[in-house]
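Residue numbering for the sequence shown follows the UniProt record's numbering, starting at 1 and increasing by one per position.
Keep in mind that the hints were calculated from the coordinates and are not lab data.
A virtual CB, placed ideally from N, CA and C, is assigned to each residue, including glycine.
Errors might be hidden in some of the hints.
Unchecked claim - Pairs of lysine-lysine, DSS-like flavour, derived with a Cα cap of 30 Å:
#1 Lys83 - Lys57
#2 Lys78 - Lys34
#3 Lys45 - Lys57
#4 Lys71 - Lys29
#5 Lys29 - Lys57
As the list claims (entries may be wrong) - Here are the simulated distance ranges between beta carbons:
#6 Gly12 - Lys55: 15 to 23 Å
#7 Lys62 - Ser7: 16 to 24 Å
#8 Lys83 - Arg49: 18 to 26 Å
#9 Asp30 - His64: 44 to 52 Å
#10 Lys46 - Glu79: 34 to 42 Å
#11 Val70 - Lys9: 41 to 49 Å
#12 Leu73 - Asp24: 32 to 40 Å
#13 His40 - Gly13: 32 to 40 Å
#14 Lys45 - Arg10: 53 to 61 Å
#15 Arg10 - Arg75: 38 to 46 Å
#16 Leu32 - Tyr76: 18 to 26 Å
#17 His68 - Thr26: 47 to 55 Å
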Amino acid sequence: MAKRYSSRKRVGGKMVRNARYVWDKTHPKDKLKKGEVVHHKNENKKDDRPSNLAKKKDGAHKSHHSVHGVKALARYRKEQKAKTTKGK
């Protein structure tokens with residue numbers, strides 16, 4: 001089971017999301033810049049293991065999740081339709 005971390009950490013007097021902190025600490029030569037975000041590969045925001053994190057451009061990250069969400073919704077609707085037509 002993944003170790004759970006608090007979602008924010010105080011660094012230099014300001015609050016930073018823990019995933020960003022872990023990324024910057026484990027990738028000192030590839031720190032996050034403006035417009036970049038940390039993506040959780042397994043979609044679990046509480047799993048901040050370095051092996052689960054990936055750096056992405058903000059727009060690409062949003063696009064990834066919007067496509068992922070649309071596919072999940074389509075899959076859910078298909079399952080629901082199968083359940084309702086099963087008894088007919």
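Ascending list of hint numbers which this structure does not respect = Per hint list: 1, 2, 4, 8, 9, 10, 11, 13, 14, 16, 17 violated.
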